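Asks: Chain residues, written in single-letter form:
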Amino acid sequence: MHLRISLVLALSWTHAALAQQPAAPAGDAKAAHKKVQMCEGCHGIPGYRTAYPDVYSVPKLGGQQAAYLMKAMQAYKSGERSHPSMRGIANGLTDQDMADIAAYYGAAK
Amino acid sequence: MTARAIWVAAAVSLAFAHGAMAAGKAEAGKAKAAQVCAACHGADGAKPSAPDQPILAGQYYDYLVKALADYKSGKRNNPIMKGFAASLSAQDMEDLAAWFSSQKSSLHFQR
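Taken in sequence, the protein lines are chains A and B.
Numbering follows this note's numbering, with no gaps: position 7 of the first sequence is 7.
Numbering follows this note's numbering, with no gaps: position 43 of the second sequence is 43.
Treat the hints with caution; some may be incorrect.
No farther apart than 16 Å at their CA atoms in a straight line, the calculated lysine to aspartate or glutamate pairs in the EDC-like style are these [stated by the list, open to error]:
| hint | chain 1 | residue 1 | chain 2 | residue 2 |
| --- | --- | --- | --- | --- |
| 1 | A | LYS34 | A | ASP97 |
| 2 | B | LYS72 | A | ASP28 |
| 3 | B | LYS75 | A | ASP97 |
| 4 | A | LYS60 | A | ASP28 |
| 5 | A | LYS77 | A | ASP54 |
| 6 | B | LYS75 | A | ASP54 |
| 7 | B | LYS25 | B | ASP70 |
| 8 | B | LYS30 | B | ASP70 |
| 9 | B | LYS72 | B | ASP52 |
| 10 | B | LYS82 | A | ASP54 |
| 11 | B | LYS82 | B | ASP70 |
| 12 | A | LYS30 | A | ASP97 |
Read the hints as simulated data drawn from the structure, not as lab findings.
Predicted model, so just to flag it, every value in this text is computed and none were measured.
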């Protein structure tokens with residue numbers, strides 16, 4: 001019985017932990033205006049493509065889910081995602097910067 | 001315009017059209033998406049089931065192909081997507097990209 005209750009508690013705790021995003025500061029889209037200048041060099045040019053040898057369109061960010069944008073920037077910083085330019089840029093971003101940038105693009109409808 | 005210039009212009013515009021156009025078949029991608037992607041990203045890729053999962057509808061075709069290929073190869077290191085991408089052929093990836101890139105969502109080019 002105790003085991004069952006513990007299991008239920010453990011599962012519900014895990015579920016709650018999974019459902020929550022990694023603690024992220026609230027994003028401020030207005031504060032992002034100066035921070036997105038470095039994004040615009042590639043993402044701000046319609047149809048812009050990455051440099052040789054892997055040539056493909058840089059993704060559209062406007063209207064994307066803010067939590068996903070946040071996760072993407074964190075993944076570049078951690079090395080989970082490997083694009084060299086994005087790794088360099090994400091390395092210089094704080095969690096607050098990322099949240100602001102995510103709010104800026106995510107809020108754009 | 002000389003005949004040669006016309007030929008060059010035609011070749012360039014053809015090459016450009018080829019690069020921009022989807023090689024995948026959207027209808028085949030739709031069927032595949034219903035089996036593999038829809039539970040998390042939505043059938044048309046516009047309504048993900050969680051906030052940290054991306055909207056795919058309206059994303060660039062070649063970016064989607066690249067993302068799937070990178071998940072499969074492990075270059076993009078996400079265990080969940082690696083599992084799904086592992087089951088996809090190159091043709092599947094092009095079909096899925098053709099489907100999602102041609103769907104509508106809030107996603108748009110934003111300066």
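Asks: For a C-alpha distance cap of 16 Å, please report whether A:LYS34 and A:ASP97 respect it.
Replies: 10 Å, holds
Asks: What's the verdict on B:LYS25 and B:ASP70, does the C-alpha distance respect the 16 Å limit or exceed it?
Replies: 20 Å, violated
Asks: For the pair we were handed, A:LYS30 and A:ASP97, check the Cα-Cα distance against 16 Å.
Replies: Distance ~11 Å between A:LYS30 and A:ASP97 Cα, so the pair holds.
Asks: Is it true that the CA of B:LYS82 sits at most 16 Å from the CA of A:ASP54?
Replies: Answer violated: B:LYS82 to A:ASP54 is near 20 Å, above 16 Å.
Asks: For the pair supplied as a hint, A:LYS60 and A:ASP28, confirm whether the alpha-carbon distance does not exceed 16 Å.
Replies: The given pair, whose Cα atoms are some 20 Å apart, is violated under the 16 Å limit.
Asks: Would you mind confirming whether the straight-line C-alpha gap from B:LYS75 to A:ASP54 stays at or under 16 Å?
Replies: 13 Å, holds
Asks: Would you check the hint for B:LYS72 and B:ASP52, treating anything up to 16 Å between C-alpha atoms as holding?
Replies: Not satisfied, since the Cα-Cα distance of roughly 20 Å exceeds 16 Å.
Asks: If you draw a straight line from the CA of B:LYS72 to the CA of A:ASP28, is it 16 Å or shorter?
Replies: 35 Å, violated
Asks: Given the hinted pair B:LYS82 and B:ASP70, is their alpha-carbon gap at most 16 Å?
Replies: 9 Å, holds
Asks: Does A:ASP97 sit within 16 Å of B:LYS75, going by the straight-line distance between their CA atoms?
Replies: 26 Å, violated
Asks: With the threshold set at 16 Å, check whether the alpha-carbon distance from B:LYS30 to B:ASP70 stays at or below it.
Replies: 21 Å, violated
Asks: A:LYS77 and A:ASP54: Cα distance at most 16 Å?
Replies: 20 Å, violated
Violated hints for the displayed structure, listed by number in ascending order: 2, 3, 4, 5, 7, 8, 9, 10.
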